[in-house]
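Protein chains: 2
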Amino acid sequence: MKIGILGTGVVGTTLGSKFVTLDHDVKIGSRSITNEKAAAWVKHAGGRASQGTFADAAAHGEMVFNCTSGMAALDALKAAGAQNLRNKILVDVANPLDFSKGMPPTLSVSNNDSLGEQIQRMFLESKVVKALNTVNALVMVDPGRLPGEHDLFLCGNDPAAKARVTDMLRDWLGWNRIVDLGDITAARGTESYLLFWLRLSGALKTTAFNIHIVRA
Amino acid sequence: MKIGILGTGVVGTTLGSKFVTLDHDVKIGSRSITNEKAAAWVKHAGGRASQGTFADAAAHGEMVFNCTSGMAALDALKAAGAQNLRNKILVDVANPLDFSKGMPPTLSVSNNDSLGEQIQRMFLESKVVKALNTVNALVMVDPGRLPGEHDLFLCGNDPAAKARVTDMLRDWLGWNRIVDLGDITAARGTESYLLFWLRLSGALKTTAFNIHIVRA
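Chains as they are written, first to last, in the numbering used here: chain A, 303 to 518; chain B, 303 to 518.
Here chain A stands alone, though its shape is the one from the complex:
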C-alpha cells in the first residue's frame, strides 16, 4: 500500500521502517523536501522509502499517519493540505504534549477537547482514527516485545475506517487485543492517559511498557 507519514521523529521513522520491511511504499513528509533526518531514514530504510514535503507525503498515501509532535500537528496538517487528505484515513498517533512549561510536560489541549477532535474538525472530509498514541514507538511496531497480553486502543467517528485500521494494526504490527473506545471524543481519554503514562514511566524507569485490561 502507498503510505504517507507526517513527521520524521522516532515515531514516524519507526513506523515507516516497519512498513517498508512489509514492502509498502512509504513516503515520509516534513517541512522541507531536503530534510536531513528524512534523507537519512530513506537511506537506512531502503526498499520503497522516499521523502517529500508534508503535502507530498499526504498526497502519496492511501493511508496517512500523523506522527508529528503534538504541538506542531495542526500546522503540519495544514501544510499537508485538506485536498491531499480528502476521503483518506488519517491515523493520528500524536499526543499534544507541551514541554514549554518544564517537566513533566502538560497537555496543550485536554479534558473537554483533544488533538484528535481538533484534527477531525479541521479535516471534515478525512477519517481520523486515533491509535497507537498510548505506547512508545518500539512497542507500537512490536507488541511481542512485552510479555503476555496487553491492549491497544482506538477511536474515531467512521466505523469502516476503524475496521481498516484494526486490520492494519493486527496484520502489519501484530496487535491482537484492540479496544474500540467509540467516537473521536474518546481521544480525550487516550491523550489524557499520557499524563498517567508519564508518571508510570518515571516510576518504572522505562518507556517500554503497556497496560492489560483486566475485567471480571
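No wet-lab data here; the hints were simulated from the structure. A portion of the hints provided could be inaccurate.
No distinction is drawn between identical chains; accordingly, a pair holds when it is met within one copy or between any pair of copies.
[To be verified] The calculated lysine to aspartate or glutamate pairs, modelled on EDC-like cross-linking and capped at a C-alpha distance of 16 Å, are:
hint, residue 1, residue 2
1, Lys507, Asp482
2, Lys304, Asp327
3, Lys304, Asp358
4, Lys320, Asp473
5, Lys320, Glu451
6, Lys403, Asp415
Using the hints, position chain B against chain A.
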C-alpha cells in the same frame, strides 16, 4: 485502628464496611450529624461503626479517608478542620469529576494541578496519600474479584505515610501489586486517568475492571 471516613457515598460506605468487618473502629462523617445514609450504614455495618460530622470523623480517625465527591472535597475537608487532620495520614480517594457540563464528566482540576495537590496545599500539616481512585468501590475492597494480576497506584510527599498506606492496602484490602508514582503531583496522572477510565468503562460496559502493567 480508629478510622475516619469523609463521605457517605458508595466509596465511603464500601470502604467503611470493609474496615468494620476487620474489626476497626470506623466513624463516617457527613455534613449533618443525623445524615440518613450514614445512619443506615451504621445500622447495616454493625460492629464498631458510628456516624458524625466531617469534623467528628476527622477527629476520630488515626487515619482519615477522603471519600467525598471530588467537587465537594475541599469544602468537606474545610469542615473537617485542619486541627482534626493535623499530623495524620489523609488518604485521598476522590476524583474531581464535574458532572455539571453533561456526560461524560470532565475534571474540575487537571493537567497542571490536581485535587490531591490542592488538598495537600490546604493541609500542610497532614500527609496526603492519593490512592484507590483508579478503581470502583467493589474492586477497591476486593481486588481478587478481578482475575489475574492487576495494579494499584499511590503517590504522596511523605515516604513513611506511603509505606503505611501500602501496608494497609495489602493487609486490609488484599492489594499485592502497588506502584508508588512519586510525590503528590503524580495525582495529576491518576486523576487524569479517569478520563480514560470513563471511556474504557463505556467500551467494556462495566465498571469492574482494572489495568495490569506489562513491561519488558
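Earlier hints that do not hold, by number: 5
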